[in-house]
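Enquirer: What follows is each chain in one-letter form.
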Amino acid sequence: MAAVTDIDAVTDPGPAVAPEPADVPPPHPRAIGLVPSASMITGGAVGAVWFWIPLAILVIGISSIPSIIGFLLAGVVFIYLMRGVDHVERVRSEAVFGMGIGIPPRRLSPHTGFQRWAHQLWLDISSVRFWKSVAHHYLRLTYDVFVTGLALALLVFAFLAPAAAIAIGHSDADAGLSFVPTPVAWLLAAVALAAAVALLVFAPSLDATIDRWLLSPSPTAELQFQVSALADARQGAVTSAQTERHRIERDLHDSVQPRLVSLAMTIGLAQTKLDTDLPTAKTLIAEAHDDAKSALVELRNVVRGIAPTILSDRGLDAALSSVVQRATNSGVPTTLSVHLPHRLPDEVEACAYFVVAEALTNITRHAGASNAAVTVRLDEAANQLHVTVFDDGRGGAWITDDENATGLRGLDERVRAARGTFTVTSPVTGPTVISAVLPCG
Amino acid sequence: MRIVIAEDSALLRAGIERILIDAGHEVVAGVPDATNLLRLVSEHRPDLAILDVRMPPTFTDEGIRAAALLRSQNPESPVLVLSHYVEERYASELIASDTRGFGYLLKDRVADVPAFLDAVQVVGAGGTVLDPEVVSQILVRSHRRNTLDALTPREHEVLQLMAEGKTNSAIAVALHMSVGSAEKHIASIFTKLNLAPDETENRRVLAVLRYLES
Numbered sequence: 001m002a003a004v005t006d007i008d009a010v011t012d013p014g015p016a017v018a019p020e021p022a023d024v025p026p027p028h029p030r031a032i033g034l035v036p037s038a039s040m041i042t043g044g045a046v047g048a049v050w051f052w053i054p055l056a057i058l059v060i061g062i063s064s065i066p067s068i069i070g071f072l073l074a075g076v077v078f079i080y081l082m083r084g085v086d087h088v089e090r091v092r093s094e095a096v097f098g099m100g101i102g103i104p105p106r107r108l109s110p111h112t113g114f115q116r117w118a119h120q121l122w123l124d125i126s127s128v129r130f131w132k133s134v135a136h137h138y139l140r141l142t143y144d145v146f147v148t149g150l151a152l153a154l155l156v157f158a159f160l161a162p163a164a165a166i167a168i169g170h171s172d173a174d175a176g177l178s179f180v181p182t183p184v185a186w187l188l189a190a191v192a193l194a195a196a197v198a199l200l201v202f203a204p205s206l207d208a209t210i211d212r213w214l215l216s217p218s219p220t221a222e223l224q225f226q227v228s229a230l231a232d233a234r235q236g237a238v239t240s241a242q243t244e245r246h247r248i249e250r251d252l253h254d255s256v257q258p259r260l261v262s263l264a265m266t267i268g269l270a271q272t273k274l275d276t277d278l279p280t281a282k283t284l285i286a287e288a289h290d291d292a293k294s295a296l297v298e299l300r301n302v303v304r305g306i307a308p309t310i311l312s313d314r315g316l317d318a319a320l321s322s323v324v325q326r327a328t329n330s331g332v333p334t335t336l337s338v339h340l341p342h343r344l345p346d347e348v349e350a351c352a353y354f355v356v357a358e359a360l361t362n363i364t365r366h367a368g369a370s371n372a373a374v375t376v377r378l379d380e381a382a383n384q385l386h387v388t389v390f391d392d393g394r395g396g397a398w399i400t401d402d403e404n405a406t407g408l409r410g411l412d413e414r415v416r417a418a419r420g421t422f423t424v425t426s427p428v429t430g431p432t433v434i435s436a437v438l439p440c441g
Numbered sequence: 442m443r444i445v446i447a448e449d450s451a452l453l454r455a456g457i458e459r460i461l462i463d464a465g466h467e468v469v470a471g472v473p474d475a476t477n478l479l480r481l482v483s484e485h486r487p488d489l490a491i492l493d494v495r496m497p498p499t500f501t502d503e504g505i506r507a508a509a510l511l512r513s514q515n516p517e518s519p520v521l522v523l524s525h526y527v528e529e530r531y532a533s534e535l536i537a538s539d540t541r542g543f544g545y546l547l548k549d550r551v552a553d554v555p556a557f558l559d560a561v562q563v564v565g566a567g568g569t570v571l572d573p574e575v576v577s578q579i580l581v582r583s584h585r586r587n588t589l590d591a592l593t594p595r596e597h598e599v600l601q602l603m604a605e606g607k608t609n610s611a612i613a614v615a616l617h618m619s620v621g622s623a624e625k626h627i628a629s630i631f632t633k634l635n636l637a638p639d640e641t642e643n644r645r646v647l648a649v650l651r652y653l654e655s
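Protein chains in written order, with the working numbering: chain A, 1 to 441; chain B, 442 to 655.
Interface residues of chain A toward chain B, partial, derived using beta-carbon atoms under 10 angstroms: (1) A292; (2) V297; (3) L299; (4) R300; (5) R304; (6) T309; (7) R314; (8) D317; (9) A319; (10) L320; (11) R326; (12) A327; (13) T328; (14) P333; (15) T334; (16) V374.
Distance windows between CB atoms, simulated: (17) B/T501 - A/V227: 31 to 39 angstroms; (18) A/A382 - B/N515: 46 to 54 angstroms; (19) B/T501 - A/G441: 20 to 28 angstroms.
If you're looking for bench data, these hints aren't it; they were derived computationally from the structure.
A virtual CB, placed ideally from N, CA and C, is assigned to each residue, including glycine.
Please take these sequences and the hints and turn them into a complete structure.
Expert: Shown next as structure tokens:
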């Protein structure tokens with residue numbers, strides 16, 4: 001099964017997740033200046049010590065392969081360190097260069113508990129993003145240490161060369177010491193000083209290049225992420241269509257069919273009584289009449305959950321009235337509050353409608369609730385539709401694979417198919433809040 | 442009463458015709474879609490037009506659009522809309538300016554023959570009949586509830602029955618109260634909805650409108 005993709009990366013419209021197109025290199029306004037130089041020197045100083053620590057852990061881990069536990073432990077520590085490093089590097093790069101480098105998508109494990117933890121570690125170390133980030137860190141540190149060291153050496157030379165030349169010039173000729181003449185030494189010192197300053201000023205721009213090269217999402221990774229997101233959505237669509245067919249079949253079988261059978265039987269019975277027992281026949285016909293009307297109501301309820309025409313011709317707002325009223329009629333007084341300034345794409349409206357209809361059906365069947373509330377609100381800034389269904393019932397609802405338990409699995413699939421997120425909060429004491437956030441564009 | 446029917450299912454059209462003819466009405470025309478309805482209505486000048494909502498060619502809201510057109514062109518011509526599903530939004534659209542001579546019912550209601558024939562009478566005589574489902578759909582809309590918060594639960598029930606086109610005595614029977622106390626409730630509703638006694642418009646209609654649009 002495909003892993004759930006990084007939700008934030010999909011839904012957050014902020015600039016951080018909209019990677020710059022690869023063919024338009026972003027400007028680097030602060031590649032030269034005090035801050036980049038300070039950052040590079042800090043990198044060089046920190047790198048000289050820090051460089052060895054994760055590397056040592058990795059080496060220890062690999063060398064202790066015969067002891068599985070040692071290897072795993074070192075591996076886990078290394079991954080955690082590198083996750084932190086990745087974060088720190090991105091924050092640093094943004095603070096220093098401000099190039100708006102996008103955060104590459106990260107696949108998230110769909111499991112729960114320990115399995116999630118382990119699977120997430122695996123997803124991380126098998127991702128290009130992780131190793132690019134590691135490579136970036138080491139390349140940058142190596143470069144910083146090298147450049148800072150070189151600059152330091154040049155500075156030391158610039159101070160020592162004239163001193164040495166003067167000292168040697170004044171020393172005893174018999175000592176056999178020789179150095180360049182003093183003026184040349186001054187010249188060399190000036191050149192070394194200029195070189196050190198130039199290095200400190202201009203070298204950080206290569207830092208910026210390294211950042212842009214290794215921290216930004218590659219076009220391939222972008223595509224891979226989109227493919228896995230689409231595969232995930234497609235899987236959700238296929239499964240939810242399947243689940244829905246089963247549900248319709250089951251609902252018709254459980255509700256309408258028995259009514260019609262009973263209706264036919266009652267009329268058959270009435271027919272046999274017509275000539276002999278008119279009062280009984282009348283009673284039976286009255287019963288059959290009731291059966292027929294109940295069958296109509298149940299058929300309407302089944303069909304209601306699928307795709308009402310009002311949804312396409314008047315929109316979500318108008319369509320929700322009857323769904324919510326049906327829950328009220330089934331014994332759970334429900335209120336509806338809608339904030340929708342305009343119509344939404346068809347698939348978003350259909351998905352939101354399905355979520356409300358299915359959640360309310362669940363509530364009337366399983367929750368034992370005395371009240372429910374439906375809220376539908378369009379967040380115009382983020383262009384997301386928030387659908388929330390609250391009930392004060394017994395709680396303890398969660399997404400299970402058991403087809404007969406609740407329809408929450410189906411809802412989850414349907415919402416994922418619409419590239420949205422679906423959450424259920426349902427402590428065993430109640431209340432239950434089901435919420436879906438659907439992207440509208 | 443002379444009646445025109447637009448209903449695409451031949452089976453249902455025949456059934457409704459049979460019920461109406463049985464009750465002594467005259468069905469002057471029965472058509473499977475709404476395209477010729479306007480012409481038929483201006484031609485036959487019926488006392489009532491009965492329309493299905495979903496009809497050819499698109500099977501969405503043809504009946505609603507035809508009813509709106511009919512009511513805008515012949516305001517005095519009563520319309521009874523039947524549908525497998527009722528939607529408060531359709532009702533609000535059709536009722537926006539005038540509740541007179543308008544009915545909107547679930548098709549299921551036809552199965553209760555006497556009640557259906559009552560509704561036909563009420564609408565044909567210029568009254569209003571709304572399916573109870575429409576009314577309760579309106580009630581779930583939280584922003585619409587607020588404006589009616591001043592009403593007691595009993596007054597809510599009375600107003601709901603008014604919206605369904607019931608007379609004072611029918612409301613009294615339905616709620617097991619005397620006609621006098623039903624009238625008292627109605628008067629109280631008028632007061633709470635700020636419908637002054639000197640309104641020239643029918644206060645009953647205005648109360649129902651307020652109820653639907655609040």
